[in-house]
Amino acid sequence: VRSCSDLATMAFRRGSAVDTRHSRPAAAVCRSGLLVLAGIVALCAWRQVGSSDAWVGRPSSRPSGRSPRVLRQAGDQKLSKELSAAFMKCVEEYSPDDPKNGEFQEGNPSTGFRKLEEAIRPFHPHPEWQIFPGSVGSFERDQKICSTYTLATGLFKDINAAIRNDNEDGLRRLAPFIWEIREVLRFDVKKICTPDGRKCQPFKGKVLRGLEVPNEEVQKLAALYKVGDEFIWPAFTSCQTQEGGLWPFDGNLNFEIECDIDPKTYKTDQVFAPVSIKRFIGGSNEVLFPPGTKFKVTGEKPVEKVTENEETRDVYTKILKVVELPTPKVKGERRR
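Letter 10 of the sequence shown, counting from 1, is numbered 10 in UniProt numbering, and no numbers are missing.
No lab work stands behind these hints: they were computed from the structure. Please note that a few of the clues may not be correct.
[Stated by the list, open to error] In silico DSSO-like links for lysine-lysine, alpha-carbon gap of 30 Å or less: (1) Lys206 with Lys144; (2) Lys296 with Lys264; (3) Lys267 with Lys321; (4) Lys226 with Lys294; (5) Lys144 with Lys220; (6) Lys321 with Lys89; (7) Lys294 with Lys329; (8) Lys78 with Lys190; (9) Lys301 with Lys191; (10) Lys264 with Lys89; (11) Lys301 with Lys226; (12) Lys191 with Lys278; (13) Lys321 with Lys206; (14) Lys294 with Lys204; (15) Lys191 with Lys78; (16) Lys144 with Lys100; (17) Lys206 with Lys191; (18) Lys199 with Lys267; (19) Lys206 with Lys267; (20) Lys278 with Lys115; (21) Lys226 with Lys144; (22) Lys206 with Lys100; (23) Lys157 with Lys329; (24) Lys115 with Lys264; (25) Lys199 with Lys305; (26) Lys157 with Lys144; (27) Lys267 with Lys157; (28) Lys206 with Lys296; (29) Lys296 with Lys191; (30) Lys294 with Lys191; (31) Lys190 with Lys204.
A quick note: this is a predicted structure, and the numbers were derived from the prediction, not measured.
Use the sequences and the hints to build the structure in full.
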């Protein structure tokens with residue numbers, strides 16, 4: 001395998017030679033060689049940047065699976081009952097305009113917070129080219145944030161891994177964009193579905209969610225979801241609308257979730273509520289739930305034997321109901 005420098009040298013030499021078979025001018029051929037050289041140099045520079053793990057800190061393994069959204073290992077997991085101290089400090093109490101934030105300093109522990117451009121740099125090579133239009137809460141900005149979050153860059157994976165793993169270092173690096181996503185899900189209760197409110201409304205209806213779990217661990221993880229139990233999913237939760245079906249995001253631990261809560265009945269000033277991404281990105285079947293949404297296990301389906309690609313495995317399905325939406329501990333600074 002030749003090194004990048006060897007390839008660049010070969011390309012330059014090849015481009016500098018005159019092609020007598022087609023009588024191409026030497027200058028034109030030389031320009032072609034220089035273009036090839038520039039392309040190889042750019043490729044080498046891109047490869048040296050490395051993965052986003054270097055930016056998020058404490059990299060975790062990412063085994064491949066059928067579901068690109070969620071792959072879980074059971075381990076000694078327990079269902080969460082409340083948000084972690086790191087989440088409260090780095091997400092709930094964070095504001096990008098807080099003068100006390102300080103610049104991010106890597107360490108043990110890390111301190112400060114990254115700026116928005118630096119938070120997304122591992123996922124967008126030129127974050128300065130990313131334009132986030134409008135003010136926070138505007139339809140244009142919400143549309144941009146949703147499209148950036150849902151792109152297959154690994155951003156949503158790293159954000160949710162940092163939240164689930166209680167990774168304060170990762171939360172400090174990604175805090176500005178986490179804040180932006182939560183603002184997409186924040187509503188002023190009195191303004192919901194009014195002319196003064198936002199150009200979207202909280203989602204109500206049935207959604208589906210799939211987890212891909214190693215076959216030897218799926219029974220253990222499924223057993224955590226006991227009928228009658230209440231729990232929260234601490235990270236952002238992506239689901240598919242029932243109309244769109246779960247495929248290709250089905251797994252061997254699937255959930256059917258009913259959300260019929262009316263946020264307008266809440267006695268608080270603001271609430272975080274699920275939003276249909278289709279409102280911002282046409283054709284999307286995704287519904288995004290905010291961190292800290294509380295669910296109740298209301299039922300389960302018989303275990304199915306599913307054969308695919310000559311492999312038979314057990315598939316578990318749990319029935320959930322949304323019983324409580326999270327409310328902000330710190331009031332938003334802008335009109336929602």
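Here is what the structure says about each hint:
1. Lys206 with Lys144: holds (26 Å)
2. Lys296 with Lys264: holds (21 Å)
3. Lys267 with Lys321: holds (21 Å)
4. Lys226 with Lys294: Within the cut-off at roughly 15 Å; holds.
5. Lys144 with Lys220: violated (39 Å)
6. Lys321 with Lys89: Within the cut-off at roughly 29 Å; holds.
7. Lys294 with Lys329: It holds: about 16 Å lies between the C-alpha atoms, which stays within 30 Å.
8. Lys78 with Lys190: violated (36 Å)
9. Lys301 with Lys191: violated (39 Å)
10. Lys264 with Lys89: Cα-Cα ~28 Å, so holds.
11. Lys301 with Lys226: holds (12 Å)
12. Lys191 with Lys278: holds (21 Å)
13. Lys321 with Lys206: holds (9 Å)
14. Lys294 with Lys204: Measuring from Cα to Cα gives roughly 15 Å; hence the hint holds.
15. Lys191 with Lys78: violated (37 Å)
16. Lys144 with Lys100: Roughly 27 Å separates the two Cα atoms, so the pair holds.
17. Lys206 with Lys191: holds (24 Å)
18. Lys199 with Lys267: Holds: Lys199 and Lys267 sit about 22 Å apart, inside 30 Å.
19. Lys206 with Lys267: holds (24 Å)
20. Lys278 with Lys115: At roughly 28 Å apart (the allowed maximum being 30 Å), Lys115 and Lys278 satisfy the hint.
21. Lys226 with Lys144: Roughly 38 Å between the alpha carbons, so the hint for Lys226 and Lys144 is violated.
22. Lys206 with Lys100: Since the Cα atoms of Lys206 and Lys100 sit roughly 42 Å apart, the hinted pair is violated (cutoff 30 Å).
23. Lys157 with Lys329: Roughly 25 Å separates the two Cα atoms, so the pair holds.
24. Lys115 with Lys264: violated (34 Å)
25. Lys199 with Lys305: Violated - the C-alpha atoms of Lys305 and Lys199 are around 44 Å apart, more than 30 Å.
26. Lys157 with Lys144: holds (18 Å)
27. Lys267 with Lys157: violated (33 Å)
28. Lys206 with Lys296: The given pair, whose Cα atoms are some 14 Å apart, holds under the 30 Å limit.
29. Lys296 with Lys191: holds (28 Å)
30. Lys294 with Lys191: holds (23 Å)
31. Lys190 with Lys204: Distance of about 18 Å is within 30 Å: holds.
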